[in-house]
Structures are given as structure tokens and as C-alpha cells.
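*Asks:* Protein chains in written order, with the working numbering: chain U, 1 to 479; chain G, 1 to 118; chain E, 1 to 99.
FYI, nobody ran anything at the bench for these hints, they're computed from the structure.
Ideal placement from N, C-alpha and C gives every residue a C-beta, glycine not left out.
Treat each hint with caution, since some may be false.
[Claimed, not checked] Some chain U residues close to chain E (C-beta under 10 Å, calculated; not the full set):
1. Lys145
2. Val167
3. Leu169
4. Asn343
5. Leu454
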Amino acid sequence: MDWWLLSPEIIVATLALVLLILDFLLPAGVDRKKMGVFALIGLLAALLATLDIAGSKGQLFGGLLAVDNLSLFFKIIFILAAICVFLLAHDYLEKVPGHRGEFYWLTLTALLGMMITAASSELITIYIGIELMSLSFYPLVGCLKKNKASTEAALKYFILGSFAIAVWLYGAAILYGLTGTTDLAKIAAGLGKEAGPLMYFGLFLLLAGFGFKMGLVPFHMWVPDTYEGAPTPVTAYLAVGSKAAGFAVFLRLMFTAFPALYARWMVWLGILAVLTMTWGNIAALRQSNIKRLLAYSAIAHAGYTLIGVISFNATGAAAIMFYLFGYLFANLGAFAVVIAFANATGSEHIADYAGLRWRNPFLAFCLALCLLSLAGIPPLTGFFGKLYLFLGALERGGWLLTLVIIAAINSAISLFYYVNVIRTMYLLPPKDTGELKSSPLLNFTLVVTVAGVLLALFYFQPLIGALQANDLMSAAWLK
Amino acid sequence: MPDFFVLAFYAVLGLGMAAVIILLNWFVAPRTLATARRNTPYECGDPPLGSGWVAYHIRYYIFALLFVVFDVEAIFLFSWVAVFKTLGLWGFIEVAIFIVILVIGLLYAWKKGVLRWI
Amino acid sequence: MNNFLVLGALIFAIGAYGVLTRRNVVFIFMGLEIMFSGVGITLAAFAQHIQPASALGQIFILFILTVAAAETALGLAIFLRLAKTHGTVQADKINELKG
Chain U
1 MDWWLLSPEI IVATLALVLL ILDFLLPAGV DRKKMGVFAL IGLLAALLAT LDIAGSKGQL
61 FGGLLAVDNL SLFFKIIFIL AAICVFLLAH DYLEKVPGHR GEFYWLTLTA LLGMMITAAS
121 SELITIYIGI ELMSLSFYPL VGCLKKNKAS TEAALKYFIL GSFAIAVWLY GAAILYGLTG
181 TTDLAKIAAG LGKEAGPLMY FGLFLLLAGF GFKMGLVPFH MWVPDTYEGA PTPVTAYLAV
241 GSKAAGFAVF LRLMFTAFPA LYARWMVWLG ILAVLTMTWG NIAALRQSNI KRLLAYSAIA
301 HAGYTLIGVI SFNATGAAAI MFYLFGYLFA NLGAFAVVIA FANATGSEHI ADYAGLRWRN
361 PFLAFCLALC LLSLAGIPPL TGFFGKLYLF LGALERGGWL LTLVIIAAIN SAISLFYYVN
421 VIRTMYLLPP KDTGELKSSP LLNFTLVVTV AGVLLALFYF QPLIGALQAN DLMSAAWLK
Chain G
1 MPDFFVLAFY AVLGLGMAAV IILLNWFVAP RTLATARRNT PYECGDPPLG SGWVAYHIRY
61 YIFALLFVVF DVEAIFLFSW VAVFKTLGLW GFIEVAIFIV ILVIGLLYAW KKGVLRWI
Chain E
1 MNNFLVLGAL IFAIGAYGVL TRRNVVFIFM GLEIMFSGVG ITLAAFAQHI QPASALGQIF
61 ILFILTVAAA ETALGLAIFL RLAKTHGTVQ ADKINELKG
């Protein structure tokens with residue numbers, strides 16, 4: 001076993017433990033922000049380690065964890081998200097009363113959970129990864145101790161999350177009972193060509209569990225409430241990290257374990273995708289709170305991303321990765337502006353964004369750019385991601401054409417509420433004309449994310465080329 | 001099968017013991033009239049304060065919470081002990097890492113003042 | 001083994017019913033625990049029936065047990081926080097956020 005392949009996880013785990021020890025060893029008076037700086041340096045090391053092993057392949061612990069392009073790519077996404085979250089949280093944590101040391105290491109354990117989830121190729125490991133991620137997220141969501149909404153969000157997330165994981169586990173138990181293994185590749189081998197109703201039932205339960213993590217529509221109830229109540233940096237982390245982890249493991253599960261049942265699950269997922277994007281977009285239309293708006297937009301985006309899984313080909317898988325990469329930057333950028341605005345005014349209402357153009361042109365421009373990327377306007381990353389998702393679906397053909405048309409109509413609907421925010425910022429007169437300050441650190445984060453949104457324009461081809469080399473795609477059952 | 005007889009023997013013995021003690025108590029105890037004072041719950045001779053149906057102090061939950069986690073993690077130690085010889089030194093190192101992480105958790109709780117009874 | 005599977009399914013269903021219908025948060029947590037137990041019984045039955053020689057199913061159960069314990073502890077912590085901020089543990093009275 002090549003330990004070097006595990007180095008990103010080892011770095012993150014050690015970092016989390018060191019921060020935990022530091023948190024209780026440092027006297028109460030010491031500013032915990034220094035821990036954030038320390039964590040950032042550690043995360044950069046983890047990022048470098050991940051980039052160093054990029055392109056390598058291997059298996060760890062006798063096949064429990066897979067190191068391949070899929071997992072490495074998602075690990076880079078997660079580490080980038082965590083770095084951005086630390087940058088965003090730096091000023092935000094001023095408002096959190098009491099100890100804030102927990103925030104740093106809980107973010108890191110959540111990161112570790114995501115990394116394990118994305119890499120695991122076996123049911124028990126998937127379970128451990130998802131639970132490590134979720135158990136870190138519950139207290140993160142509720143970390144505003146005195147805040148009623150935050151506690152309530154944590155409670156709802158906890159109850160629904162545990163319920164989903166219990167349902168998932170029952171599905172996993174059935175799967176184990178029918179195939180006698182928990183290894184994804186061996187499940188595919190043990191499955192054969194046809195499956196009985198019990199197997200479909202198990203698969204359905206697994207889908208429900210993952211659907212919860214990804215925020216697909218019948219299982220989305222927690223998303224708006226949790227996103228609204230959670231501290232905004234945590235919301236950004238949830239929207240990007242937790243969802244990407246869900247998609248990473250879902251992609252691996254569906255592509256590796258269930259190719260034989262494709263004809264059946266593609267229909268289920270198709271229905272879920274249509275429900276998810278339509279409901280997400282329609283509900284987003286009537287939101288007045290920007291965090292809730294972004295929550296429903298996150299639901300709609302989960303619907304689009306699902307198309308990549310349904311297309312079940314190399315283009316689809318590459319498209320999901322590219323799409324989530326663009327989504328990471330656009331979403332974090334949008335949340336950065338929300339945090340900057342809330343830090344200055346304490347408001348999260350869209351109506352209060354009126355005239356932001358005059359009060360702080362930089363913030364308004366960044367938010368507009370990120371929202372347009374989310375909506376999928378041509379020169380931005382979001383557009384290419386969507387394009388690639390649609391191309392994958394068209395490659396598969398059949399009724400997926402209908403799916404693409406529905407998704408395109410949905411994109412048009414989504415334009416309404418994104419443009420509405422931009423109109424509020426640029427055309428409506430401000431109620432309060434004073435200049436709105438944002439901290440240099442937030443501005444720096446914004447520059448990074450906006451650069452991410454724009455740069456894909458130039459790195460589009462090489463990135464897709466690298467994604468095409470993914471080993472998921474070289475599998476024999478993909479044509 | 002004999003194992004089960006042993007089990008059954010002890011089960012009957014245990015139940016019988018409890019029954020005998022209760023019956024003995026019933027025979028030996030002096031009989032007095034049921035007065036209001038007699039029916040009050042016994043609290044070391046003092047008149048009882050408040051109802052017996054009080055919510056437990058929140059601190060019990062915190063102890064319970066810590067106890068449950070550390071208690072259950074011991075499962076992994078049992079399964080490790082069962083295959084101690086086959087795993088050898090490497091297994092020992094892994095379990096040591098596991099325990100160190102648990103101890104860090106305990107230290108954390110300690111430092112945060114959870115174990116102090118105020 | 002069928003009996004054990006039915007038992008597991010029943011216990012899982014009872015837990016799920018409890019989670020969905022109970023209003024007191026502590027009872028909801030209990031329902032969740034019961035669901036995990038149902039999964040455990042199902043796994044044990046399968047493990048015993050399809051591969052008695054392998055420890056795979058039992059390992060799965062061990063992990064479920066321990067993680068569920070950690071989850072319960074976390075649930076209780078959130079419950080304590082809830083009792084402090086809201087002054088109630090009835091799920092239907094907690095409605096700051098409207099979904």
C-alpha cells in the first residue's frame with residue numbers, strides 16, 4: 001500500500017486533531033483566529049499533496065478507498081471549498097459568541113468525511129465517510145449558540161439527516177443480503193443481468209438516502225430551512241461540499257455497481273431530475289431572503305447535475321465534475337457577497353440590496369457575475385457546464401432529449417429570479433445611500449472566486465481533456 | 001444444552017430470591033393503618049419536597065452523552081483483542097492511534113468543563 | 001432467516017413511524033435509534049444466512065452501532081441547546097423557519 005496516496009487525508013486528519021488540541025490548550029483569552037491562519041496553511045499543504053498525486057491510480061486498505069481521477073478531482077474541489085470557507089468565516093466569526101475554536105476543526109473533519117466519501121468504493125466506507133461529514137455538519141449548522149434559527153436548523157438537519165441515513169443503511173443491508181458483498185465492483189458482478197423486486201427496493205432506499213444528501217426534490221425539505229438558519233459560511237460549505245460529496249459517491253455507486261440495472265434507474269432519476277429542477281426554480285421565484293433563494297437555486301442545480309448521471313457516459317461524468325467545479329466558484333462568490341452585505345448591514349433581504357451598485361460597485365459586480373454564471377449565461381463557467389451536461393444527454397439520445405428541453409426551459413425560468421436580484425442592485429434606488437464597506441479579506445476571496453468563474457473560459461478545453469482521461473470512462477461497459 | 005440449564009437455574013434462582021424477600025417482608029412487617037403520613041414517599045425522615053415527577057437535571061444528560069460514546073467505542077477494542085495475535089504490532093499501532101484520538105476527545109470534554117459538577 | 005428479516009423490517013418500520021408521528025424531540029431520537037436497530041437485525045440475519053464464515057456483515061453492524069451512539073450523543077447535545085433557546089422540545093412548536 002502506497003501511503004503517499006493517502007497523504008491528503010492524513011494531513012487533514014492531523015490538522016483537525018492538532019487544532020482540537022490547540023483549542024483546549026490555549027487559554028480562553030487567546031484569539032482563535034490564529035487557528036484559522038494555521039488551518040489555511042495546512043489546507044494549502046493538503047492541496048499541494050493532492051495535486052502532487054493527481055493522475056495516479058491505486059487502491060488503499062485492500063480496496064476500501066480508491067485513488068483515481070474521480071476521487072482526486074473531487075478532493076481538490078472540497079479542499080478549495082474549505083479554504084474559501086475559512087476565508088469567508090474570518091470576519092463572520094466575530095459575531096459568534098463564546099468559543100469559536102470548534103468551527104475550525106469541525107470544518108476540517110467535515111472535509112475529511114467528504115474526501116473519504118468521494119474516494120470510498122465500498123458500502124461500509126461510504127457510510128463512515130457520509131457520517132463523518134454529517135456529524136461534523138450538524139454542530140456547524142447550530143454553532144450560533146444563542147440563535148434560535150441556527151439551533152432549529154441544526155435540529156431539522158439532524159432529524160432528517162439521520163432518518164435519511166437510516167433509510168440508506170436499510171437499502172445497503174438489502175444489497176449486502178442479496179449479493180453477499182459490500183464492494184461496489186463485486187456487487188455489480190454478483191448482480192447479474194436481472195434483479196428481483198427486493199433488489200429494486202434496496203436500490204430505491206439507497207437513492208432516497210443519497211437524494212437527501214444531494215437535495216433532490218422529494219427529499220429536499222431540509223435544504224431551505226437549514227441553509228437559512230445556518231451561519232452563512234457553513235451554508236456555503238453545505239451547498240458546495242456536502243452536495244459535491246453526494247454526487248461524487250452517487251456517480252461512483254451508479255456507474256460501478258448498477259450498470260446492469262441502468263434501464264430501470266434512468267427512469268427513476270429522470271423523474272427525480274425533472275421534479276427537482278422544476279420545483280427548485282418555481283419555489284425560488286417567490287423568495288425574499290437571499291439565502292433561501294440560493295437554497296432553492298441549489299436544489300434546481302442538483303436537478304441539472306443529475307442529468308449527467310442519467311446520461312451514463314463519459315461526457316456525462318466529465319460534465320458533472322466540470323459543472324460542480326464552476327458551481328463551486330459561482331456559489332462561494334455569491335455567498336461571499338451575502339456575508340459581506342450581512343456583516344455591514346445585518347440584513348439578508350433581497351429588497352435591502354437595492355442600489356448596491358452605488359453603495360459598493362465591486363460587491364454588486366461580483367454578485368451579478370456569480371448569479372449570471374449560476375443562470376448559465378454564455379461566456380461564464382456555468383454555461384459551459386450546462387452545455388456539457390446537455391451534450392452528454394444528447395449523446396445518449398432517446399427520451400433524454402425531452403429532459404434536455406425541460407432543463408433548458410428551467411434555465412430560462414431561473415433567469416427571472418437571478419436577474420431580479422441584479423435588477424434590484426443596479427436599477428432600484430437605494431434606501432440608504434451610505435457607502436458599504438467590505439473587508440479586504442472578503443474582497444480577496446471574491447477576486448479568487450470571480451477569477452474561477454471567468455478563467456474556465458480559457459481553461460475550458462484542457463480541463464475537459466483532462467477529465468476525459470478519467471478511468472471511470474475507460475470502463476468496458478461505457479461506449 | 002447444559003449451558004442453558006445453568007442459565008435457567010440462575011434465572012429461576014434470581015426470580016425466586018426476589019419473590020422470597022418480598023414475601024418475607026410482607027409477613028414480617030408490622031401492620032399499621034394507612035394514614036396520610038404513611039402513604040407519603042420516604043425521604044430520610046424529612047417531609048418530601050415537591051413531586052417525584054421532576055425532570056432530571058440537564059447535567060445527567062451530558063454525562064450520559066459522554067458515557068454512551070466512550071462506552072460504545074469499546075466495541076472496537078473487543079474485536080481487536082479477539083484477533084490480537086494475527087494483527088501483531090501493526091494492529092497495536094492502529095488501536096493506539098484510535099485510543100489516542102479518543103483520549104483527545106475526553107481531554108477536550110474535560111477542559112471544556114463538562115466533567116465538573118457544579 | 002425469514003423470520004429475522006421480518007422482525008428487522010418491522011422494527012425499522014416502527015422506528016420510522018415513531019420518527020414521523022411523534023412530536024417530542026426525545027421520542028423522535030428514540031425512533032431513529034429503533035430504525036438503526038432494525039437495520040442491525042436485518043444485517044445480522046443476512047450475515048448469518050449467506051456467509052456464516054465471513055465477518056463482513058458483523059463488521060458493518062459494529063460500525064453502525066458505534067456511529068449511531070455518536071449520533072445519539074450529538075442529537076442530545078442539539079436537544080439541550082434547543083431546550084435552552086426555545087424553552088420547548090415539542091417539534092411542532094419550533095417554527096422560526098418556514099419551509
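*Asks:* List in ascending order the numbers of the hints, as given earlier, that are violated by the structure.
*Replies:* 4, 5
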